[in-house]
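Trainee: The lines below spell out each chain.
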Amino acid sequence: MALAFKIAARFIKSSKGQTILIVLGIAIGVSVQVFIGTLIQGLQISLIDKTVGSSSQITVTSKNDDRAIDKWNGKVNDIKSLNVGIKNVSEAADFSGFVKYNNKTSPILLRGFIFSNADSIYKIKDSLIQGKEPSSDNEVLVGKDLRDNLSVKLGDKITILTPKGKNEQVTITGFYDLKVSSLNNSWIITNMRTAQNIFDFGDKVTSIEMQANDVFTADVVAKAVANKLDSSNLKVDNWKVTNAATLSGLSGQSASSYMIQVFVLLSVILGIASVLAITVMQKSKQLGILKAMGIKDRVASLIFLFEGLILGIFGAVFGVLLGLGLTYSFSKFALNTDGTPLVPLYLDYKFILLSGLIAVVSATIAAVIPAIKSSKLDPIEVIKNG
Amino acid sequence: MAKIIELKNISKVYGTTIKTKVLHDINLSFEEHSFNSIIGASGSGKSTILNIMGTLDRPTTGEVYINGKRTDNMVKNELAELRNKTIGFIFQFHYLLPEFTVLENVLMPYNIGYGRPTKEIIARAEELLNLVGLTEVKNNLSINISGGQQQRTAIARALINNPKLVLADEPTGNLDSKSTENIYELLRDINKEFKTTFVIITHDDRIAEKTSRIVEIEDGKIKKEVTS
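Residue numbers (our numbering), protein chains in the order written: chain A, 11 to 396; chain B, 10 to 237.
Among these hints, one or two may not hold up.
Here are the in silico distance ranges between beta carbons for each label pair [unchecked claim]:
1) A:261 / B:84: 24 to 32 Å
2) A:277 / B:190: 53 to 61 Å
3) B:84 / A:12: 18 to 26 Å
4) B:125 / A:287: 28 to 36 Å
5) B:84 / A:382: 14 to 22 Å
6) B:125 / A:94: 33 to 41 Å
7) A:223 / B:124: 36 to 44 Å
8) A:287 / B:52: 30 to 38 Å
9) A:26 / B:86: 29 to 37 Å
10) A:20 / B:203: 24 to 32 Å
11) B:128 / A:287: 35 to 43 Å
12) B:197 / A:382: 28 to 36 Å
13) B:125 / A:277: 54 to 62 Å
14) B:74 / A:12: 27 to 35 Å
Rather than coming from a laboratory, the hints here were simulated on the basis of the structure.
Note that the Cβ used here is the ideal one computed from N, Cα and C, for glycine as well.
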C-alpha cells in the first residue's frame, strides 16, 4: 500500500507538465459543475421565492356555497399537529366587493387576516411602502396600484361595498407593494374581524393557507392535510396543481442542469482515463522492472488507482476553488440595473462537497482501466524489447 | 555442493502459428557460490535461458528448480515473491527508475519485499553503494549519473536483498572497456565476499575466461562446457 502510494506520488511529481494538464482538466470540469450547479440552484431558489415563496402553497377552502369554514381554530390546530414539513399557517376571510372613493369605484378582494400569521407568508410588513399595519378594527392596507387608481393617501376614508348592498367606511393606514400588480390593484387587507363584520360572516373563515418547508413536497403535504381534516366539504389545493406551468419550468431547469452535469462528469472521466492510459504506456518500462524485482500485480495496479485518487483530489480542490471564484465574480459583475445580482448567490455546501467528491471518485474509477492494464503487463515484454 | 538452480529437459517455443523453437531439451544446473558465464552468438537462446532461470519467462516443456523448489508451475504471486527474495537481476540496460534517487533505487527490492526500509537496511544500501563507488551520487536522481554509474547502481540494487543468485544479462554490454573491467572485478569480489552465485551472459570471450565455468550455447543447445 505505502509503496504503491509512494511510487504513484513520485510518478505524478516527476511528470509535472502532464500532472498539471490532468489536474487542470479535472479542475475545469469540477468548476463548471460547481458554477452551473450553484447558478441554477440560485436561479431556482430565487424563482421559487418570487413565484410561490410569498404566497400560499397549500390552501384549504370550502366546497359549500357560502365558502365558509367554521370551527377553524380546531382545524388549524389539527394541521399544525401534523409533522409533514408544514410552516407558516395563516387563516383568511376573503370577500369580493367594491371600493368607492369620491366618484371612482373598483372591484376588490377584501382579505381579513390575523396579521402575525399572514405576515409569515405574505411578508406584509416588509412590503409596506408607506404607513403601518392596522392596529384596530376598520383600518385597512391598500395596494400601490389601487392607491394610484383611486388617488388616495394615508388616513383617507374609503367605502367598501358588499354584493348585498351594505357599505362600510374604513380608514387607510398604509400602502403595500407585493410586486404583483394584479394583487396591488385588487387586495385590500384588513384584520379578520373587520372583514367578517362587513360581510356579516360570523366567526368563520374562507380559507386556511400554509407553506411547506420544501415547496416541491406541497402535493404530499396537501394530501396529508386532506387526510387529517377528513371532510368532504373541504378542498385542499396545492401550488403544483394550480401553478403547473411554473412547476414544469422549474423541473425542466433542474433536468437540464443535471444533463449538463452528467456530461461534464463524463468528459472529465474520459479525459482522466485516456491520460492515465497513456501514462501506463509511458511507465511500462518502470512497471516491467518493478515486476522483475518482485512487485505483485495487485500493488502494480494500486499505483495507478492512487495516481487517479491523488489527481482527483488535487483536481477537485482546485476545481471547487475555481468554481466558487467564478460564481462569486458572476454574482459581483452580472448585475441587474438596480445593482442587485442577476442571479442571487446561493452556496449549497453539500452540493459543492458532493461535486468534489464525485470528481475524486470518478478519477479513481477512471484509473481502473489503466490499473488493470498495469496488472496484466508481463515483465518479460519489457525486458526483451528494451 | 548444493545446486542453486537446475533446468531439466527445457524446451522453449515462441509463436503460435509460426513456431520457432529456440531451446532444445536443455539440461543445466549451477552450484551454490559458483561464478559462471553463458556465452553464445546473438540469437543462440542464451537470454531465453536466463529469463527462464529468472522465472520471468516460462518454459514450453521441462522443469525448473530454484533452491530446490520447482518454479515452472508456480502462480504469478509466488514467482514475484521468489524473484524478490532469492534472485537479483542485472540487465544490459540498467532499468533504474528515473523518478527515484540512486539510494531509493537500491532500496526498491527491499521496499517491495519487506516494506519501509529500516535503519540497518539503509546502512547496508549505503555500504553497497560505497562498494560500487557511488557514495557521492547516492542522492542524485538516477537519470543524473553516467552510464557506468547507473550500471553499478543496478548491481547494488541486485544485491540489497542478499539474494542467493544473481542473473546478469550482458551487464557491461554498453560500457567502455575500462568500466567493463571494473565491473567484473566488482562482481568477482562480491562473489567471494557474499558467496553469491552468479550467472552472467556475455558474448565477450575475454570476460567469460574470468569465470570459473563457461557454458557455450549454440542454436538452442549446449555446445560445450569449460570448468576451470
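Trainee: Which of the listed hints are broken here?
Mentor: 1, 6, 7, 12, 13
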